[in-house]
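*Asks:* Note that the sequence shown covers residues 1 to 231 in UniProt numbering.
Simulated from the structure, these hints should not be mistaken for lab results.
Glycine included, every Cβ here is placed at the ideal spot set by N, Cα and C.
Keep in mind that the hints are not guaranteed to be accurate.
As the list claims (entries may be wrong) - Here are the computed lysine-lysine pairs in the BS3-like style, where the Cα-Cα straight-line distance is at most 30 Å: (1) Lys81 x Lys208; (2) Lys80 x Lys13; (3) Lys80 x Lys162; (4) Lys78 x Lys112; (5) Lys118 x Lys27; (6) Lys83 x Lys15; (7) Lys95 x Lys167; (8) Lys118 x Lys141; (9) Lys112 x Lys27; (10) Lys83 x Lys36; (11) Lys78 x Lys15; (12) Lys36 x Lys118; (13) Lys162 x Lys118; (14) Lys167 x Lys154; (15) Lys204 x Lys162; (16) Lys15 x Lys27.
As the list claims (entries may be wrong) - Ranges between beta-carbon positions, derived for each pair: (17) Phe203 x Asn16: 53 to 59 Å; (18) Lys15 x Lys155: 39 to 45 Å; (19) Glu115 x Asn139: 38 to 44 Å; (20) Lys155 x Lys112: 31 to 37 Å; (21) Lys112 x Asp223: 55 to 61 Å; (22) Lys112 x Phe17: 38 to 44 Å; (23) Asp178 x Thr113: 27 to 33 Å; (24) Glu21 x Ile114: 46 to 52 Å; (25) Leu105 x Lys204: 54 to 60 Å.
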Amino acid sequence: MSAYIEKHAVGYKNKNFNLPEEKLYKKSFSDCYDKKNKEACLYIYNNFAIDENFKIESNIFNLITIMTYVGLTLDIDKDKKYKEINRLIALDSWKKASELIDFVLSKTNDTKTIEGLKLLKKMSDFEINRAYACPLYHNDKLQSDKIDMPCACKKNTALLIKPDTIKRAFLNLKLLCDKYKDSVSCGVVGGLYENGKGVRINFKQAKKYYGLACDGGYQLGCDGYKRLMGY
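Using the sequences provided together with the hints, build the complete structure.
*Replies:* Listed below in structure tokens is the structure:
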């Protein structure tokens with residue numbers, strides 16, 4: 001991931017080699033925020049989140065805004081090859097913004113400042129919790145076999161049942177079934193095995209997971225098990 005960040009950060013700097021550091025920083029923020037330029041966002045992330053180069057931006061409120069928008073821009077980037085890496089960087093950006101907000105909230109009594117920062121923090125924390133409800137997914141694998149919030153993970157996984165994220169959905173649901181004994185998740189895993197969605201068709205595995213769903217009281221699992229009785 002560090003090579004990916006450095007490649008784009010250095011690339012952006014080289015394209016703007018004629019600008020002094022302060023002007024380059026201002027341009028990078030404009031390009032990241034207004035133009036959704038990924039290289040500019042990664043240049044900012046590399047400066048503040050990795051190198052901690054705060055000398056060109058000492059205003060903590062600007063830093064909070066910057067890190068929030070770096071996260072937003074990278075999270076919606078359409079580069080499928082690096083989607084998960086961008087997601088991890090976005091999460092880290094939001095975490096840093098949230099940490100900065102907590103610091104300012106502990107130091108100020110200004111009502112308007114507090115209200116504004118709480119709104120930003122709510123947004124950052126929502127994105128962080130939405131992602132961490134399920135294990136992180138990278139290189140076609142879940143990075144953990146632990147789910148801190150199974151109910152939230154199950155709810156969020158429903159949004160992943162679409163062509164470009166179906167494998168991640170399958171792995172989440174399989175973990176929810178195998179380790180957390182969620183009968184509905186078991187039933188969905190059975191359906192994914194039966195129809196070859198996110199995984200190769202395997203009727204024996206489909207029957208197994210339908211059976212687990214049925215044992216847990218999920219009627220559609222019982223129906224699926226009956227349908228595959230010959231396997």
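*Asks:* If a hint holds in the structure, say so; if it does not, say that too.
*Replies:* Results of checking the hints against the structure:
1. For the suggested pair Lys81 and Lys208, the alpha carbons sit about 33 Å apart, so the restraint of at most 30 Å is broken.
2. Between Lys80 and Lys13 the CA atoms are separated by roughly 24 Å; this keeps the pair inside 30 Å, and the hint holds.
3. A distance of roughly 14 Å separates the Cα atoms of Lys80 and Lys162; the hinted pair therefore holds under the 30 Å criterion.
4. Restraint check for Lys78 and Lys112: not satisfied, since their Cα atoms lie roughly 36 Å apart, outside the 30 Å limit.
5. Between Lys118 and Lys27 the CA atoms are separated by roughly 28 Å; this keeps the pair inside 30 Å, and the hint holds.
6. A threshold of 30 Å between alpha carbons decides the hint, and for Lys83 with Lys15 the separation of about 24 Å falls inside it, so the pair holds.
7. Proximity of Lys95 to Lys167 is assessed by CA-CA distance (about 27 Å); at most 30 Å being required, the pair is judged to hold.
8. Between Lys118 and Lys141 the alpha-carbon distance is near 34 Å, which puts this suggested pair outside the 30 Å criterion.
9. With a CA separation close to 29 Å, the supplied pair Lys112 and Lys27 stays within the 30 Å bound.
10. Taking the CA atoms of Lys83 and Lys36, the gap is near 15 Å; set against the 30 Å cutoff, the hint holds.
11. Distance check on the hinted pair: Lys78 and Lys15 sit about 22 Å apart at the alpha-carbon level, within 30 Å; holds.
12. Proximity of Lys36 to Lys118 is assessed by CA-CA distance (about 25 Å); at most 30 Å being required, the pair is judged to hold.
13. Using a Cα cut-off of 30 Å, the hinted pair Lys162 and Lys118 is violated, with the two alpha carbons roughly 33 Å apart.
14. A threshold of 30 Å between alpha carbons decides the hint, and for Lys167 with Lys154 the separation of about 15 Å falls inside it, so the pair holds.
15. Using a Cα cut-off of 30 Å, the hinted pair Lys204 and Lys162 holds, with the two alpha carbons roughly 24 Å apart.
16. The suggested pairing of Lys15 with Lys27 holds, with an alpha-carbon distance near 12 Å, which does not exceed 30 Å.
17. Between Phe203 and Asn16 the CB atoms are about 57 Å apart, so this pair conforms to the stated range of 53 to 59 Å.
18. For Lys15 and Lys155, the hinted distance range of 39 to 45 Å is satisfied, since their beta carbons lie about 42 Å from each other.
19. Restraint check, Glu115 to Asn139: a C-beta distance of roughly 41 Å satisfies the suggested window 38 to 44 Å.
20. Checked against the given bound of 31 to 37 Å, the beta carbons of Lys155 and Lys112, roughly 34 Å apart, stay inside it.
21. Look at Lys112 against Asp223: about 57 Å separates their beta carbons, and that is inside 55 to 61 Å.
22. Between Lys112 and Phe17 the beta carbon distance is about 41 Å. The supplied range of 38 to 44 Å therefore holds.
23. For the pair Asp178 and Thr113, the supplied restraint of 27 to 33 Å is violated, since their beta-carbon distance comes to about 47 Å.
24. Glu21 and Ile114 have their C-beta atoms about 33 Å apart, which leaves the hinted 46 to 52 Å range violated.
25. For Leu105 and Lys204, the hinted distance range of 54 to 60 Å is satisfied, since their beta carbons lie about 55 Å from each other.
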